[in-house]
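Each protein sequence line maps, in turn, to chains A and B.
Per the numbering used here, the very first residue in the first sequence carries number 1; after that it's consecutive.
Per the numbering used here, the very first residue in the second sequence carries number 1; after that it's consecutive.
Everything labelled a hint here was simulated from the structure, so no lab data went into it.
Each computed EDC-like pair below joins lysine to aspartate or glutamate, with the alpha-carbon atoms no more than 16 angstroms apart:
| no. | chain 1 | residue 1 | chain 2 | residue 2 |
| --- | --- | --- | --- | --- |
| 1 | B | 42 | B | 56 |
| 2 | A | 100 | B | 29 |
| 3 | B | 42 | B | 398 |
| 4 | B | 100 | A | 29 |
| 5 | A | 42 | A | 14 |
| 6 | A | 42 | A | 398 |
| 7 | A | 42 | A | 391 |
| 8 | A | 303 | B | 29 |
| 9 | B | 42 | B | 399 |
| 10 | B | 303 | A | 168 |
| 11 | B | 100 | A | 56 |
| 12 | B | 171 | A | 143 |
| 13 | A | 100 | B | 56 |
| 14 | A | 42 | A | 16 |
| 15 | A | 42 | A | 21 |
| 16 | B | 100 | B | 85 |
| 17 | B | 303 | B | 117 |
| 18 | A | 100 | B | 21 |
| 19 | A | 42 | A | 399 |
| 20 | A | 303 | B | 168 |
| 21 | A | 171 | B | 143 |
| 22 | A | 100 | A | 85 |
| 23 | B | 42 | B | 16 |
| 24 | B | 100 | A | 21 |
| 25 | B | 303 | A | 29 |
Number of protein chains: 2
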Amino acid sequence: MSTDLMPNRYRPGEVELPRREAALIARRDNVLGSSYRLQYRKPVHFVRGEGMWLYDPDGRAYLDFYNNVPSLGHCHREVNAAMAEQAGRISANTRYLEPKLIDYAERLVETFPVEIDHVVFTCTGSESNDLALRIARLDSGNEGVIVSAYAYHGTSAAVAAVSPNLGDAVKLSPNVRMVSLPGPQGVPEAQAPDYFEAQVRAAIFDLNRRGIGVAALLIDSIFSSDGVWIDPPGFIAGGVAAVREAGGLFIADEVQPGFGRTGVHMWGFERHNVVPDLVTLGKPMGNGFPIGAVVGRSAPMDKFGTTARYSNTFAGNTMGIATADAVLTILQRDRIPDNALAMGRRLRAGLEDIAQRHDAIRAIRNAGLFFGIDMGLETAPPAQRQAQALDVVNTMRDDGVLISTTGANEDTLKVRPPLVCQAEHVDLFLASLECALARLAG
Amino acid sequence: MSTDLMPNRYRPGEVELPRREAALIARRDNVLGSSYRLQYRKPVHFVRGEGMWLYDPDGRAYLDFYNNVPSLGHCHREVNAAMAEQAGRISANTRYLEPKLIDYAERLVETFPVEIDHVVFTCTGSESNDLALRIARLDSGNEGVIVSAYAYHGTSAAVAAVSPNLGDAVKLSPNVRMVSLPGPQGVPEAQAPDYFEAQVRAAIFDLNRRGIGVAALLIDSIFSSDGVWIDPPGFIAGGVAAVREAGGLFIADEVQPGFGRTGVHMWGFERHNVVPDLVTLGKPMGNGFPIGAVVGRSAPMDKFGTTARYSNTFAGNTMGIATADAVLTILQRDRIPDNALAMGRRLRAGLEDIAQRHDAIRAIRNAGLFFGIDMGLETAPPAQRQAQALDVVNTMRDDGVLISTTGANEDTLKVRPPLVCQAEHVDLFLASLECALARLAG
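Work out the full structure: start from the sequences and follow the hints.
Here it is, written out as structure tokens:
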């Protein structure tokens, strides 16, 4: 595991900055303190966004192949118009009768398998995962949570405590167990389902033996922070069944894969042909407006709702609902998941072509428009592979293309453009990547 | 303590509803499930908001004396214009350099005593309290949290576990201790500081004896969910000092009292002449846009920030910052806290006048425009007092004026109008209250 938890960042003194940026950073550090990090060796500063593009104060355009919140593109006019229209009319809370809240809830639930028929709104993906854990713990009567080895599920105390990705400074819960994934362990695909199930069963055994029991298997179906390990489809099914046998729930964290990113499917768990008990939503749900949700089966959600009051001031207010409703309308009307699939295929083909010419690409994995591209030779030391990945990311940033890194060693390029990207954007990205690789080799 | 955690709510079958509302509620229950409650015996449904007023589908106007999120009034044009303008330009995240983020952070911090100079943004008050607890626990190395007897601090797992207000179904943390407040215990004001300090010291003693230690005293300076117990100013100071002696932090939950509600002061803790270590913000910060913050002293915040990465996707995005910046500008430019003080005085004088004619008013407490009005005779059984409060609230709702109840017995009227209310609104409210009291007596 990388000791630097965000290696792709600005470090004072590493690069020379224009006076304007240096002065801003000094003021920023003074008032925001050390919790905040700036991305890239040389920080970026944008004053305008439109679709796939971000513009700096000098008018230079950057192609965004990284931000997965504005899935419909930056500053989407139709979404913003829906938000502004609603803000000017009324933004009622959920304790008042509001037909739009009900309409949207019904539309959202319809995008799920029939077993999943309830929704509770939140404001962020972290709040969604936090609430899902509360529901699973109340429903099961158990406390244990099983996650992947390098999982990240959010920022609240309860969720950070089951997020090993946050590193040693954030104490893990005594009730969490991490399971290895078959992919990063080099397990052949044919054995992946058995391997994963065995890992989960071992975790359940240990949790039961200590009287903790298992409340939930909480996973993101593309394992994004582990480095994007998505294959083979269905490999999680045995682990899911084992958790259910033990009285726990399966929570699918769809904050990153959800809303069409994996292509064809609206939800990432559909690739694995499993139906979760609870599903957590966030990031792209409002294309930037803070809104999330827990969607799930009625039994655990009603058991929670009838006893533990859940009231979230902003969540489900009409302004957020109108915004999310516009996003869902556009996703469906414009067949955005189909575009994610088609552009994902084009991007994958281009990457495979480049990989033939550049040894630095070790492996390519993707589901739709979420890519992990491993950098560096298998035989190279981890630090060297990470340095190569960071060099590529920052060379591309200087070239006006935005991506970053992920994975346990942070040597995997993380590529997840807005879902509205077109062939021309894919080709620009590929050209920039090939230039960066050529410079790396030179 | 009331066994019904939200007594002022709709119960199926209690009142006859028009077919339109009945059908909506059936659909709502079907998809949202049991976590959601509708306020008032007969639910309200609004289609338009403007300033102090909400309008139902038949065009009937309701005077809002309850909602403390839209402090500047419903659908504020200037705030909404700032939000829409920014949404159309760019909404960058905090890992990009953004001068507006820094400008607003500096302006916000300037409204606090000089010791408080750092800010971290969140999306909700719950996230603010959750993060503040994480900071306090990391800084102190302790786990214990001291709260008031009937405190409510939010919805995340960690915060719900220190919110006794949520009732028996939500398990309290083994590390939380509740302290009684002098007011509800009938302690004379002169003895209130000593009483509170003794309560806090006893909690510290118990936490230390069990090896838990004290991480924080977490209180809302007007104790809103305990029933609005605000006097005498300064009564919390000895308790705050005791917690600091024991190595814990003082966290002021300003989600309800903050941003000028208490009149004159911007922050509720200023009434008590104490300077917190951490301050948590939420509700009115964006006049309805989901934004919150933890503001505090640099030592604990930097200790947390340098070790535990805190990254909150939506928090501090430029759209939220532009909205909050407009709110702060208007609060300061239009001297909104002064208006809260003046209108609070007018409302208090009117209530005292009414109380002379109506025994049903047992006590009146307020700080600025946050009022608690106890209903029912001291000698009446608690259930009867609660019924009187609910009758008044629902009679006023039918009369087109919105308030609700609070306190351990839910027999205290909770009155907290938007801070822009004017004399005419105060007088309308008073007239409606007097009518409701007359009907109660009749």
